[in-house]
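Modelling step: build the complete structure from the supplied sequences, incorporating the hints.
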Amino acid sequence: MVAKNGDPIRTMRSPLGRVRGLGAARSGVAHWWAQRLTALALVPLSLWFIGSIIALAGADQAAAAHWAGHTVNAVLLLCLVLATFYHMQLGLQVVIEDYIHTEPSRLAALLATKSVVMLLALAALISVLRLAL
Amino acid sequence: MQDAREALMVQRRSDGTVTRRPLSPHLQVYRPQITSVLSVLHRATGIALAAGTLLLVAWLVAAASSPAAYRGVAGFVGSPFGLLLLFGWSVALIYHLLNGIRHLAWDVGLGFEKGEYRRSGRAVVIGTGALTVVVWLVGLIAW
Chain A
18 MVAKNGDPIR
28 TMRSPLGRVR
38 GLGAARSGVA
48 HWWAQRLTAL
58 ALVPLSLWFI
68 GSIIALAGAD
78 QAAAAHWAGH
88 TVNAVLLLCL
98 VLATFYHMQL
108 GLQVVIEDYI
118 HTEPSRLAAL
128 LATKSVVMLL
138 ALAALISVLR
148 LAL
Chain B
4 MQDAREALMV
14 QRRSDGTVTR
24 RPLSPHLQVY
34 RPQITSVLSV
44 LHRATGIALA
54 AGTLLLVAWL
64 VAAASSPAAY
74 RGVAGFVGSP
84 FGLLLLFGWS
94 VALIYHLLNG
104 IRHLAWDVGL
114 GFEKGEYRRS
124 GRAVVIGTGA
134 LTVVVWLVGL
144 IAW
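Chains A and B are the protein sequences, given in the same order.
At position 35 of the first sequence (counting the first as 1) the number is 52 in the working numbering, and the numbers step up by one without a gap.
At position 84 of the second sequence (counting the first as 1) the number is 87 in the working numbering, and the numbers step up by one without a gap.
Calculated from the structure, these hints are not laboratory results.
Any given hint might turn out to be false.
Quick list of the computed label-pair ranges, beta carbon to beta carbon [claimed, not checked]:
hint: 1; chain 1: A; residue 1: LEU150; chain 2: B; residue 2: TYR33; range: 48 to 58 Å
hint: 2; chain 1: B; residue 1: ILE129; chain 2: A; residue 2: VAL112; range: 25 to 35 Å
hint: 3; chain 1: B; residue 1: ALA71; chain 2: A; residue 2: VAL112; range: 31 to 41 Å
hint: 4; chain 1: A; residue 1: VAL60; chain 2: B; residue 2: ARG15; range: 49 to 59 Å
hint: 5; chain 1: A; residue 1: ALA72; chain 2: B; residue 2: ALA133; range: 43 to 53 Å
hint: 6; chain 1: B; residue 1: PRO83; chain 2: A; residue 2: CYS96; range: 30 to 40 Å
hint: 7; chain 1: B; residue 1: LEU140; chain 2: A; residue 2: ARG37; range: 47 to 57 Å
hint: 8; chain 1: A; residue 1: ILE143; chain 2: B; residue 2: LEU11; range: 44 to 54 Å
hint: 9; chain 1: B; residue 1: TYR33; chain 2: A; residue 2: PRO32; range: 35 to 45 Å
Ideal placement from N, C-alpha and C gives every residue a C-beta, glycine not left out.
See the structure below:
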């Protein structure tokens, strides 16, 4: 096979397979990309969060609520919660798919994990919004 | 047979009896190396951090609820067992963060030479120790 500019195409994949971009797993690279992008976002967000909880060490509820209610902190907290739980769901999914091989228990474990992650994420998001609004 | 792949796992001896074919060597067969140990640790700390998000959620929900609820969570975190959990959570987070940056570098094709991934592995271990000490020193002084 030769590309338009005359170079040979160095790939074993058919042109249709390449255009579809789904790969051997038939689900594409969306999972991989999402895991990397959330990881990238979590680098500065985690550092900011570690610094913030050090600054809040020993604070009472009023001080913590005042801090989380500040618009900048609330926005960053929402980003942190969304990226953390998305990244966590993707990671736990890979672990489950690696170690649970029978289809019914795998599906059950995946659905249970996603449900718990969603509930935790919503509880965290609602709490931040209550403090910020 | 639970799985069609089981058919590949059984064979007959020359006397006709059925036996399981040997599996390829697994984790316990190999000598632990910095690369494999750090890889296992990355997954282990990831799972631990997933459990640790319960603490994050409890803290945010308490802050949004009432001073009494917040005192409850803060009291638990400040207890000896709570501090142990918080310490474990901080080590896991710092390790997963630093080793995650190592993974992101690999994703763009950097650091794959034999010497490089050993060095970056050692840097992650030393960095985790150093950053944990700094975080706790600053945290305990601020507290």
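Each hint, compared with the structure:
no., hint, in the structure
1, LEU150(A) with TYR33(B): 48 to 58 Å, "holds, 54 Å"
2, ILE129(B) with VAL112(A): 25 to 35 Å, "holds, 27 Å"
3, ALA71(B) with VAL112(A): 31 to 41 Å, "holds, 37 Å"
4, VAL60(A) with ARG15(B): 49 to 59 Å, "holds, 55 Å"
5, ALA72(A) with ALA133(B): 43 to 53 Å, "violated, 20 Å"
6, PRO83(B) with CYS96(A): 30 to 40 Å, "holds, 33 Å"
7, LEU140(B) with ARG37(A): 47 to 57 Å, "holds, 53 Å"
8, ILE143(A) with LEU11(B): 44 to 54 Å, "holds, 50 Å"
9, TYR33(B) with PRO32(A): 35 to 45 Å, "holds, 40 Å"
Violation of the numbered hints given earlier is confined to hint 5; every other hint is satisfied by the structure.
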